[in-house]
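Asks: Join the two chains into one complex using the hints; note that each chain is given alone, in its own frame.
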Amino acid sequence: MKNLFISVVLLLSVWLLLNASLSPVVIVSGLIVTAIIAIFFSARNPVFKDMKLNPKAIIYFFLYFFVFTFELFKANLDVAKRVISPKLPINPGIVEVRTRLTSKIGRLFLANSITLTPGTLTVDIKNDSLFIHWIDVSSTDIEGATKKIVENFEKYLEVIYG
Amino acid sequence: MEVLQITGGFVSLIGAVFLFLGSLGIVRMPDSYNRIQTGTKATTLGTLMFLIGVGLYNPSWFPKLIVLIFFILFTNPVSSHVLARAAYSIGTELTKLTVVDKLKDSRGEDIDA
Numbered sequence: 000m001k002n003l004f005i006s007v008v009l010l011l012s013v014w015l016l017l018n019a020s021l022s023p024v025v026i027v028s029g030l031i032v033t034a035i036i037a038i039f040f041s042a043r044n045p046v047f048k049d050m051k052l053n054p055k056a057i058i059y060f061f062l063y064f065f066v067f068t069f070e071l072f073k074a075n076l077d078v079a080k081r082v083i084s085p086k087l088p089i090n091p092g093i094v095e096v097r098t099r100l101t102s103k104i105g106r107l108f109l110a111n112s113i114t115l116t117p118g119t120l121t122v123d124i125k126n127d128s129l130f131i132h133w134i135d136v137s138s139t140d141i142e143g144a145t146k147k148i149v150e151n152f153e154k155y156l157e158v159i160y161g
Numbered sequence: 000m001e002v003l004q005i006t007g008g009f010v011s012l013i014g015a016v017f018l019f020l021g022s023l024g025i026v027r028m029p030d031s032y033n034r035i036q037t038g039t040k041a042t043t044l045g046t047l048m049f050l051i052g053v054g055l056y057n058p059s060w061f062p063k064l065i066v067l068i069f070f071i072l073f074t075n076p077v078s079s080h081v082l083a084r085a086a087y088s089i090g091t092e093l094t095k096l097t098v099v100d101k102l103k104d105s106r107g108e109d110i111d112a
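Just so you know, the protein sequences line up as chains V and P, in that order. Numbering-wise (numbering that gives the first Met the number 0), the first sequence opens with residue 0 and increments by one. Numbering-wise (numbering that gives the first Met the number 0), the second sequence opens with residue 0 and increments by one.
By construction, these hints were calculated from the structure, which means they are not laboratory data. One or more hints might be untrue.
Derived pair list, reagent style DSS-like, types lysine-lysine, alpha-carbon separation capped at 30 Å [said to hold, decoys possible]:
1. V:K73 x P:K63
2. P:K63 x V:K1
3. V:K80 x V:K147
Listed next, the stretches of chain V that the computed footprint assigns to chain P, with coverage defined by at least 3 CB atoms under 8 Å from CB atoms of chain P [said to hold, decoys possible]:
4. 69 to 76
5. 87 to 96
6. 118 to 124
For every residue, glycine included, the Cβ atom is placed at its ideal position computed from N, Cα and C.
Looking at chain P on its own, in the form it has when it is part of the complex (with noise of 0.2 Å):
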């Protein structure tokens, strides 16, 4: 019993860990898209070693958290998606560093597709 809370102490920790590097990650960021990329997804993995954590701490909810990571692992990548993709539709620049914008090409014809 004590292991278990011990570990998932632990393991919550290095979820925390995670979520801290991702909020960095957006002030550090140069633009948006770089943005979206550090602070939505980076958080992936700390939220989920954080529900694992709460679950091996107390057993007994363990599947509910697991209902709950499949609803982030399901509802996160869109929400990312939709926002970037918004992003581009109203002209966010891109920063200085990019190398390759093969979207500007294909865009232009149709915009709904």
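Chain V with its partners taken away, still in its complex shape (with noise of 0.2 Å):
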């Protein structure tokens, strides 16, 4: 059921953009349709299951919109002035991170953003562990790197996600 919901959520706010009107016309094919689509695909396809819709979640779904916009600024300026530096001063490395998160789309969440996060890549995944290339690496060991790339994002993820 919550599956549905936000399926038919997702879909329908695909809709009124693409549309650009909050016409009655537009709105009610537009609810009809997603349904339609939602109940065909959420039945064999339970991606949102582990997502939580109380206030909380929801809350920290836009503290995380914010954080990630602010990451992505920071990690893009930065990685903007090691290009232009003459030196080139990078110090790269694949590092190896653990994660509490424990859904599947808790985990695709996280290493897409610490993917998207400039300085940073999601190389690989096993189990627990994320494989990340870390263009400066500052702490080899696992604790400290997991400190600095990932507990930033997890502790929104985990609310939102579980």
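Replies: So, in structure tokens, the structure goes:
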């Protein structure tokens, strides 16, 4: 049921954005079509099953959005600075980090967030470990790297996806 | 109206600067992994700012541009992850500057995991 609801909301918002109007005709036809699509697909594809829908999770979702945007800016400036400085100050390596997230979609969001922030790139996932190519390795042990790369995102994703 | 268009132009310009720096990174970086770092991802902010700038310049396109931005946010990391993983699987060498490679120790037992 929750899976169905989230599918409908997502599809409907894409439909409304593409139409760029809120007229009743658009909303009603969108609701009917998205409901049919969601019923067909959410039965076989329980991808949103692990998402939580309580108020705290929704607030954290928006907080996460802002934190992520801020990190994106910071990391982009950092990589841009490395590219233009004449000495090319990089210190790359592949480090291992651990995640506490258990749900598949939570891990997907974590890996995607890490990859989208420039300077870190998820190369592989194995059980609880993510292997991350880091352009400026500052700590090679698992705990230190986890603290620096993962924790900032994880504390929000944990509330949203568990 | 004028103000919005000028702001849009500036935001697009900043985005273009980031895109340029990303492509400069492709030339300057020493190995594939670092090129993926700059080439696919220093450009995320560039593309996003460029699209937002276009949206400010032409506000009636804004809803569609939001869909585009989310499409990029969801597909870009998947493609760069797959590129890096494939590069590692066929044994592309890391640069000599590399300080640590934790993945080397854990590979070998099972590659499909």
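Asks: All hints, please: hold or fail.
Replies: Do the hints match the structure? See the list:
1. Taken as a hint, the K73 (chain V) and K63 (chain P) pair is honoured in the structure, with Cα atoms around 27 Å apart against an allowance of 30 Å.
2. Our distance criterion of 30 Å between C-alpha atoms is met by K63 (chain P) and K1 (chain V), whose separation comes to about 27 Å.
3. A C-alpha spacing of about 20 Å is found between K80 (chain V) and K147 (chain V), which places the hinted pair at or below 30 Å, so the restraint holds.
4. Counting residues of the stretch 69 to 76 of chain V whose C-beta lies closer than 8 Å to any C-beta of chain P gives 3; at least three are required, and the coverage claim holds.
5. Under the rule that three or more residues need a Cβ within less than 8 Å of chain P, the assignment of the stretch 87 to 96 of chain V holds, with 8 such residues.
6. With a cut-off of 8 Å between beta carbons, the stretch 118 to 124 of chain V has 5 residues touching chain P; three or more are needed, and the interface restraint holds.
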